[in-house]
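Visitor: Sequence:
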Amino acid sequence: MVQLSLQRKLAILSDAAKYDASCASSGTTKRNSSKTGGIGSTEGSGICHSYAPDGRCISLLKILLTNYCSYDCAYCINRSSSNVQRARFSVEEVVGLTLDFYRRNYIEGLFLSSGIIQSADYTMEEMVRVVRTLRETHRFAGYIHLKVIPNASADLLIEAGKWADRLSTNIELPTDASLDLLAPEKRPGEIRTAMAKINHARTESRPDGKVAGRRKPTRLAPAGQSTQMIVGADGSNDAMVLQRSASLYAGYGLKRVYYSAFSPIPDASSRLPPAAPPLLREHRLYQADWLLRFYGFNVDEVVSGGTDGQLDLAVDPKLAWALKNRGRFPVDVNRAPRELLLRVPGLGVRVIDRILTTRREHRLTLADLARMSGAIDKVRAFVEAADWTPGGLTDDARLRAKLVPPPQQMELF
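Under this note's numbering, the first residue of the sequence shown is numbered 3, with each subsequent residue one higher.
Keep in mind the hints are simulated off the structure, nothing from the lab. The model shown is predicted, which means the values in this text are computed figures rather than measured ones. By construction, the Cβ of each residue, glycine as well, lies at the ideal position given by its N, Cα and C atoms. Heads up, some of the hints might be wrong.
Here are the simulated distance ranges between beta carbons [to be verified]:
#, residue 1, residue 2, range
1, Ser272, Asp102, 41 to 49 Å
2, Pro276, Arg221, 44 to 52 Å
3, Ser207, Ala179, 29 to 37 Å
4, Asp379, Leu6, 50 to 58 Å
5, Gln312, Ala388, 37 to 45 Å
6, Ser272, Gln120, 45 to 53 Å
7, Arg328, Gln120, 44 to 52 Å
Taking lysine to aspartate or glutamate pairs in the EDC-like style, the calculated list, with each CA pair at most 16 Å apart, reads [said to hold, decoys possible]:
#, residue 1, residue 2
8, Lys326, Asp397
9, Lys326, Asp302
10, Lys404, Asp379
11, Lys188, Glu94
12, Lys164, Glu206
13, Lys326, Asp310
All chains should be modelled from the sequences, with the hints used to inform the complete structure.
Guide: Now the structure itself:
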């Protein structure tokens, strides 16, 4: 067996980790390194960049413990039948790399996943050893995101949550039937059971009492748990993808569902499509997910703007819904409740909060809205203000053409 250098291992195992999209680090409780006497902070080849809700860019060392794997998932480059170069880090090597990258100011945390070696418990135990060593021995206070091996023991999952800021268990595909077909060693029930165990343990770890009207953060995995779905590897449409997401949010208290467009791999199975889906589909799913979580939409409403259960790729899902429901507009920005303002294309949550605050002091004009929103050309067709009414603009048959941005431009809402 050829002995690989640490640098070569890093090249192989960071490249192998790039297909996992769920490495955001928002929502964590800061570990105070000045109090623990440790190093690292969750603020401020193998490095990924994630963005917190406030816009901060957070850099993570993103690697696999190993790309050896006993599973043969058809969509995975690291499947057991894949002809890729294999490598494996020792626990000590991952710890050393993390500390060295942090001291050089390259990273603010670690994202660690792994192929399945020997057994689920063995793999999970090795990953837990990494994060426990970082926290206990080296007082590392940076952000840690740990992937969960679904059928590992409950005790290991709970211990993982003790040391990691976030845990994620990938649901992989939108339907159980697709997972059975493309990843026969994986059991959908085991994945959901792992999520349920983590959610229950996090709830049980929450201190009693409230802080500023909100529940205190959990002691286990304070940044919550997330998952990832591969989009375009099976025949599931966007409605099926979003229905699965909605059920996961409701049932397991997930912080995020990440969507990863299927990427064709060498020597691919005939069960897989020959080409990747358009990346714009992934972007539209993220926009739709945002509407489900923060704007009061349900799945049927979100996909109603497209056809055959697919989101409209040319138009963001909120605008697509508004164009299909023009009878609900215009909305009076000086009188409408928050839930109606959330339906207006071009108005985000923060802008709406400003509207609600400012209109207590004076009636809002279109110029006021223009100062608050960067998308006034989209907004004006769907609102009334003190000095503005859209008249027939809302019903104009050419409105869609006027509002659709050029293909190269992507915006949230």
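Visitor: Hint by hint, note whether the structure agrees.
Guide: Hints, verified against the model:
no. : hint                         : in the structure
1   : Ser272 to Asp102: 41 to 49 Å : holds, 44 Å
2   : Pro276 to Arg221: 44 to 52 Å : holds, 47 Å
3   : Ser207 to Ala179: 29 to 37 Å : holds, 35 Å
4   : Asp379 to Leu6: 50 to 58 Å   : holds, 55 Å
5   : Gln312 to Ala388: 37 to 45 Å : holds, 40 Å
6   : Ser272 to Gln120: 45 to 53 Å : violated, 30 Å
7   : Arg328 to Gln120: 44 to 52 Å : violated, 60 Å
8   : Lys326 to Asp397             : holds, 10 Å
9   : Lys326 to Asp302             : holds, 13 Å
10  : Lys404 to Asp379             : holds, 9 Å
11  : Lys188 to Glu94              : violated, 29 Å
12  : Lys164 to Glu206             : holds, 12 Å
13  : Lys326 to Asp310             : holds, 15 Å
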